[in-house]
Amino acid sequence: MTKQTLLLEIGTEELPPKALLNLATAFADGMRDGLDKAELGFTEINHYASPRRLTVMITELVTAQADKEILKRGPAIKAAYDDEGKPTSAALGFAKSCGADIADLEILETDKGSWLSYLAQETGEKTVKLIPEIAETALSRLPIPKKMRWGTGSIEFVRPVHWVVAMFGKETIDCSILGIKAGKQTFGHRFHHPGPIKLKSAESYLQQLEETGKVIADFDRRKTLIKNAVEKVAAEANGKAILDKDLLDEVTALVEWPVVFSGVFDKKYLALPNEVLIATMQGQQKYFPVVDKENNLLPCFIAVTNIESKSPDIIRLGNQRVITPRLSDAEFFWQRDNKIPLADLRKKLGDVVFQQKLGSLHDKSERIISLASYMANLLGADTTLAERAAALSKCDLLTDMVREFPELQGVIGRYYATNNGEDKEVATALDEQYMPRFAGDQIPQSKTGQIISIADKLDTLVGIFAIGKAPTGDKDPFALRRAALGVLRIMIEGKLELDLEACLKKAVGNYNDALFKDQLARSDLVVQIFDFMMERLRRYYIDQNISPDNFEAVLMRRPSQPYDFHRRLNAVVQFRKLPESESLAAANKRIGNILKQVENHDNIKFSHDLLKEDAEQKLANALDSIREKVTPLLDNGEYEHALSELAGLKDEVDTFFDDVMVMCDDEALKNNRLALLLQLSNLFLKTADISRLQN
Amino acid sequence: MTKTSKNNLLTFQDIISQLQHFWADQGCIIEQPYSIEMGAGTFHPSTFLRAIGPEPWRTAFVQPSRRPTDGRYGENPNRLQHYYQFQVLLKPSPDEIQALYLESLEYLGIDPLVHDIRFVEDNWESPTLGAWGLGWEVWLDGMEISQFTYFQQVGGLDCSPVSGELSYGLERMAMYLQNKDSVFDLLWGKTPEGEISYGDIYHQNEVEMSTYNFELADTDSLFQWFDTCESECMKLIEKDLPLPAYEMVLKASHSFNLLDARHAISVTERQRFILRVRTLSKAVAQAYYESRETLGFPLVRA
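For the record, the sequence lines run as chains C and F.
Just so we're aligned: 717 in my numbering is position 530 of the first sequence, and the numbers increase by one with no gaps anywhere.
Just so we're aligned: 266 in my numbering is position 254 of the second sequence, and the numbers increase by one with no gaps anywhere.
Watch out, some of these pointers could steer you wrong.
[Claimed, not checked] Ranges between beta-carbon positions, derived for each pair:
1. F:P139 to C:V714: 35 to 43 Å
2. C:N607 to F:K247: 49 to 57 Å
3. F:K247 to C:F703: 38 to 46 Å
4. F:Q25 to C:A530: 48 to 56 Å
5. F:E207 to C:E594: 42 to 50 Å
6. F:F309 to C:F703: 55 to 63 Å
No lab work stands behind these hints, which were simulated from the structure alone.
No residue lacks a Cβ here, since even glycine has one placed at the ideal position from N, Cα and C.
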């Protein structure tokens, strides 16, 4: 079967850089799906992407679908011929539907009888006939953040489409895609080669574009070129570039012919916080900042342009002229903000609404103070520091710097608090209150930071749940899932012995009565949020590949301290590695089932005097001696050690079930045995309900 | 087209007349600034209202724009509370709209093989106008010199046909063309007595207006004025007078901007005010559409 290379290029106006790579990948995935469904074989799908093009190149694609033989079944033989052996109308109709002569039909013998049949030959469709629809389908499924229309047309796409290349080998595929007649003509760089380039073949696409068009269409290659050039230019400036991964992708998506250079700014601006300088360079100008060997910022930046300029210095000077007023603005904010101590901004928080029904930011910070103080007490931490950090926590939101760089909330608070002479722990906590800022980000390291971060998040959770705006489906406008996970991570990874339920009760208590119908509504809310958080905890452990039944076993006990939950879960994970665990899990399941049949089993008394069989005596004795060992362990939260001791009961438990009839006729004996099993089960339950473990 | 002015230094007023000349040649009606304070050329009725409905439109004009919060008492080299936009609206947006825009830059003497010109995604949304569109900021050597938008919705109404809007930041472009580091050093024009700079004309204005905007604007009166404009607007819409009603939207919007500069509006209150202006904008847009429909969309010519 012959094979050819397929090239599809959608030529557009400048595409959104952050979406570019996703769009190209999705285009390739969509083509793959379409080709697979059409049973068209190929070797490789490559995607290319630049600001003005989305391209898919498919190598060694078959030129047609394979021919197929299809066995069509007609009427039963009995119904196909009449008594005289002549074909009936049913048989003739079948032949006609197959486009065949009655003589061409065959007889299909099966164990359920014989039928008239026809072996039809279906010729495979030519690939070029199938490609247009496959391409349109793939394009219609692109994850376009926002589609647009243009001119008088009704076609919707990411940006207006100007040309389409559709080639199979050396030939044009005769079709229209996205309303444009496809051809073999692409276009080069907007300024270096604005005219058309006639492609010799699908395979020569990259080469012709690069050599004639001054376009490096291969995203990954362009990215590598940029990265290397940035590193080289940084080295020439005696520094090292800060190569933010997302920024590198974004910059790669903004150029077709990258040219890298460095520029400088006045070193007086280095007095500004590093984060402000970096946000200005990276966020606003898409420059790479440069640091020296000690990681101090240098008064210099690296820019990536899209032109091999006739006068590169003009571009350098131009860019330098842009960054200066931006830094000058930041300096203006820095100086103005520093004239007012953070603490003085606190009263103005009353003017800023946190949420319409939940009061102002001042109200919120009052609640954070109360909750932080409560937690600091429980943890034996410094309540004065916690209260101070809580009081200042939202003040930086009123500074000009945070208005200009909202992403620097907290960071700016830390700088200003330090300048105001606040305690170092307080200043650090102002920054750490927003941690973890994103999935995988670190948790606060200072105790006060941990406390403020938890207090802020729990307060938001409670408030937003109370006004009925809990997350539903994929709607989570207040990012409550992230907040919940943040709290759990800080409690677990910070090893905080904090009772979540108690903290939630306190947080609910901080809100005024107007939000709640009655006392019951308050306690219902605690349960609702606790359950919501347990679901987040489930995800947390699934992401760590902990098997769900382990989680379930602990959840059945509802430990209200997440760190305690975590230790129990670890113990269960270790317990399952023991050879005894399977049989003990089964035994506990059995005990559960037996106890279910008995009413009021908690009230049954156990007595050594009623032990009759050898096996039950042995179990009772073993239980007594292990209980003595295990009780102090459990009191200390040493669950793993406790479970490994309990694993030692396996033989006694197995023998007990082999030899002893629990539900015997003698009521006293039966009750005593039930009581013995109950004791056994309770010892395990102090850690987890291991009857939940699946084999 | 002849490129008349490539070798001479363009004054600020030259830039304006060159752009007017260029776009007049492209079949644009050259209009004049609107006489009410507004934040951007988009608010000019010849953009906001003309983008509504099926009637084609091509226009270009200068619009003085006011953004009270951007004032810096004349101390920042390129932040101003009063500045100029050169606004172009092409409805429907022609296929070659990007090329036309780039040609206009060349017409001003900006050589695309010397400078780094880029279209960087910037999706425009005006919450107060109930309008959004997709497009770019245009960067010239790292500086944003224009906004380029394909309107998708205006006043809550879908745009069909789609208008292409170009807004040139005149001061920023002039700083490039004249190679000046401060907007106040720009050469505006020449008189027999000598050169007149942008600062000669506007520096005192920036200092005084910043003081007024940030420190003195009377917030109680502004809140009241906002309420008055809002109720007047609704009244005028009921009387089928979308044009004066739209003037009330502009006045309300500017009062809101002044209140914002005075930090008189909290974050959530801000949302509520924006929503109030948007409600007015949408009502005006609908009323304007209906009034044009009643007239039989006179600019749709066979």
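Hint check:
1. Separation of F:P139 from C:V714 is about 39 Å and conforms to the stated range, judged on CB atoms against 35 to 43 Å.
2. Between C:N607 and F:K247 the beta carbons are some 52 Å apart, a value that agrees with the proposed interval 49 to 57 Å.
3. Distance hint check: the CB atoms of F:K247 and C:F703 are about 43 Å apart, consistent with the given range 38 to 46 Å.
4. The hinted range of 48 to 56 Å is satisfied by F:Q25 and C:A530, whose Cβ atoms lie roughly 51 Å apart.
5. Between F:E207 and C:E594 the beta carbon distance is about 43 Å. The supplied range of 42 to 50 Å therefore holds.
6. Between F:F309 and C:F703 the beta carbons are some 57 Å apart, a value that agrees with the proposed interval 55 to 63 Å.
Going down the numbered hints, you'll see the structure goes against none, and every one checks out.
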